[in-house]
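Visitor: What follows is each chain in one-letter form.
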Amino acid sequence: MKHWVFFAASFMVLLSGCCCKFTKKREMKKRDEQVSKDEKQRNWSKIPTQILELILSRLSRADFYRFGEVCTSWRHVFKQSIIYRSPSPLPSMPLLLLYRLHLFNDIKTGLFSLIDRKMYFPRIPFFQGSNLHCLGSINGWLIMIDTNATRLSSSSSNSNHHRFPSFFFWNPIPNARVMLPSRLNIPYRANWYKLFSKLKASSGPDSPDCLVAALFTGQHNIAFCRPHDESWNIIYVENNNPNAVFADIELLHGKCYVLTETLNYRNITSILVYDLQESYSSSSPPKAKVLISQLHQQVEYNSPNIRDLIFQNHQLFFYLASDSISGILYLILIIVDYNNVHPIEREFIVYKVDNFNNVPMLVRVMDLNGGILFLSHRDSKIVPSSTLTGHEDLIRGNNIYYAHVYPYTESCPLMPRIVKFCMTSGRINHIPLPNPELGSEPTCLWFNPTIW
Amino acid sequence: MAEEKSQASSSKMLTLKASDGVLFEVELNIAKEMKTVQAYIDDCEDIETIPIPNVLGKHLAIVIEYIKKTNEEYDAEFEKQWNMDDLQLLLLAANYLNISGLQECLCKAIAKRIENKSPEYVRKVFNIENDHSPEEEAKLRKEYKWAFEGVDKD
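So the sequence lines, in the order shown, correspond to chains A and B. When you read off a place in the first sequence, starting at 1, and then add 141, the result is the number in this note's numbering. When you read off a place in the second sequence, starting at 1, and then add 2, the result is the number in this note's numbering.
Hint data in this document are derived by calculation from the structure and do not stem from the laboratory. Quick caveat: nothing in here was measured; it's all calculated off a predicted structure. Backbone N, C-alpha and C define an ideal beta-carbon position, used for all residues, glycine too. Any given hint could be a false lead.
[To be verified] Straight-line Cα separation of at most 25 Å, SDA-like style, residue types lysine to any residue; simulated pairs:
1. 335(A) / 362(A)
2. 110(B) / 186(A)
3. 144(B) / 261(A)
4. 119(B) / 527(A)
5. 187(A) / 130(B)
6. 561(A) / 468(A)
7. 14(B) / 37(B)
8. 82(B) / 182(A)
9. 561(A) / 591(A)
10. 141(B) / 257(A)
11. 220(A) / 190(A)
12. 187(A) / 58(B)
13. 110(B) / 592(A)
14. 187(A) / 132(B)
15. 144(B) / 591(A)
16. 110(B) / 228(A)
17. 119(B) / 87(B)
18. 110(B) / 182(A)
19. 220(A) / 110(B)
20. 71(B) / 32(B)
21. 561(A) / 456(A)
22. 110(B) / 217(A)
23. 110(B) / 537(A)
24. 114(B) / 589(A)
25. 220(A) / 345(A)
26. 119(B) / 190(A)
27. 561(A) / 518(A)
28. 110(B) / 226(A)
29. 60(B) / 86(B)
30. 141(B) / 131(B)
31. 335(A) / 589(A)
32. 114(B) / 192(A)
33. 114(B) / 257(A)
[What the hints assert, rightly or not] Stretch-level coverage of chain A by chain B, calculated; a stretch enters the list once three of its residues show a Cβ under 8 Å from a Cβ in chain B:
34. 183-197
35. 200-207
My request is simple: use the sequences and hints to build the entire structure.
Guide: The following block contains the structure:
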């Protein structure tokens with residue numbers, strides 16, 4: 142009996158103990174749940190819009206897009222900023238636009254990113270059809286020519302249709318176009334897209350001061366216009382001097398600067414300046430003023446080693462570039478070695494136009510005032526490094542990124558090359574491109590897409 | 003409790019009362035950095051204790067210290083000390099109290115954590131659920147695929 146009582150008692154104790162434990166456990170679990178609820182990591186999807194906008198304004202273009210993919214509330218803020226065009230992302234590195242790539246016989250446009258060194262292909266190709274060509278870019282706009290646009294020639298005595306191209310600014314993101322005049326007042330040509338060797342704009346077409354200047358291939362003249370003009374204005378060289386071939390142009394603060402060179406040996410001779418803005422306000426054609434003459438004397442061109450190089454199968458390339466913020470005009474000389482399988486850039490020499498005793502002169506410089514120059518045959522743009530966000534190496538100022546497609550030779554297929562020249566160290570680094578097959582006459586230029 | 007230390011208004015002290023009842027004595031010029039508090043003072047001149055119902059004492063302390071010590075060096079190290087939850091609460095506090103310097107500093111820090119990261123990684127770090135429908139997500143991805151450059155490995 143005693144045993145039973147003992148047993149029962151201990152059983153009861155055990156049971157009550159269990160119960161106690163059980164309820165205690167339940168209580169603790171409840172408390173735990175409460176505690177863990179409080180301690181559960183906070184959710185960032187319900188942050189006030191104002192804060193999300195502040196964060197957006199500190200993101201680069203690519204991060205800006207990825208932000209919209211995180212969740213629906215973040216996407217809403219992202220979409221609103223696109224609609225209201227505010228806040229905008231931080232300025233980004235331009236991409237290299239390569240067009241006329243032939244991948245499996247498909248005309249595509251590729252965008253090469255310096256950030257991850259990958260090639261991206263927009264889902265809807267920027268260019269469809271062989272009638273569209275890209276001649277230049279400014280900010281988020283591409284300057285395009287459509288060679289298929291047909292216009293009747295104004296003189297009805299000709300029964301033939303003359304095909305005249307249309308020129309326009311195009312922003313592929315919102316698919317917006319701003320037309321440029323199509324009347325060129327020049328004779329018909331077979332290859333319109335080869336008409337201009339350079340086409341530069343001072344700003345996007347949304348700016349009231351937008352000026353466009355173009356350099357005719359092989360001829361000694363330039364054309365200029367504004368988006369709402371009736372026709373292009375053509376400047377014919379005053380004395381058709383074979384020693385003053387127009388080699389490059391650059392727009393800066395309403396003026397068009399022209400680099401001239403001799404036909405043979407491509408010695409640069411002078412920098413001319415046409416005041417386009419003044420020409421518009423006075424309604425008279427602009428007259429050329431010589432900014433600097435006898436350039437070849439001012440450039441280290443005549444120094445023995447460079448002269449020797451020319452005879453050793455090297456070539457010189459000259460480009461004009463400008464920094465619209467500081468108002469500085471630059472001349473860049475690139476020495477390219479053609480002795481190997483493919484051309485190799487050996488040296489970059491940079492000059493700026495400076496006033497010395499009120500006389501403009503070329504002065505060699507070792508920096509771009511903290512800017513980064515993106516240079517190609519088609520365009521040149523200087524971006525202040527302080528506005529960019531990203532890896533330190535990438536956005537460091539006083540660097541030149543030069544992209545060029547060298548003319549075809551037997552040993553060297555058409556391939557764009559990108560090199561990075563550091564002005565402070567003098568080092569030139571080749572940036573390899575993923576190797577697509579290129580179609581006929583590929584073009585590369587730097588393009589900085591906007592998000593709206 | 004609030005005490006007036008001296009007659010000069012620059013060392014006039016103000017009391018801020020956090021949501022959990024913790025009291026903070028701050029100088030007037032420190033409190034003025036919080037534009038919300040400034041507006042409160044402008045409305046009622048003689049106030050000595052200002053309630054801050056949205057901010058815990060823990061975070062109010064951090065905010066006050068930020069205002070006292072802020073400079074380039076301090077700001078650069080500031081955000082590294084806090085976990086994601088505290089960062090959010092500090093950001094909400096800075097937003098409520100309308101302290102532009104602190105908001106900038108924290109938003110910059112958040113942007114740095116988002117920089118070059120995939121949306122999946124961002125969701126993980128920020129504890130966000132993906133509430134896009136699969137169609138929406140695929141659409142967004144396809145639309146801007148070419149813009150998805152430079153993503154770091156998670």
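Visitor: If you test the structure against every hint from before, which numbers come out violated?
Guide: Per hint list: zero violations.
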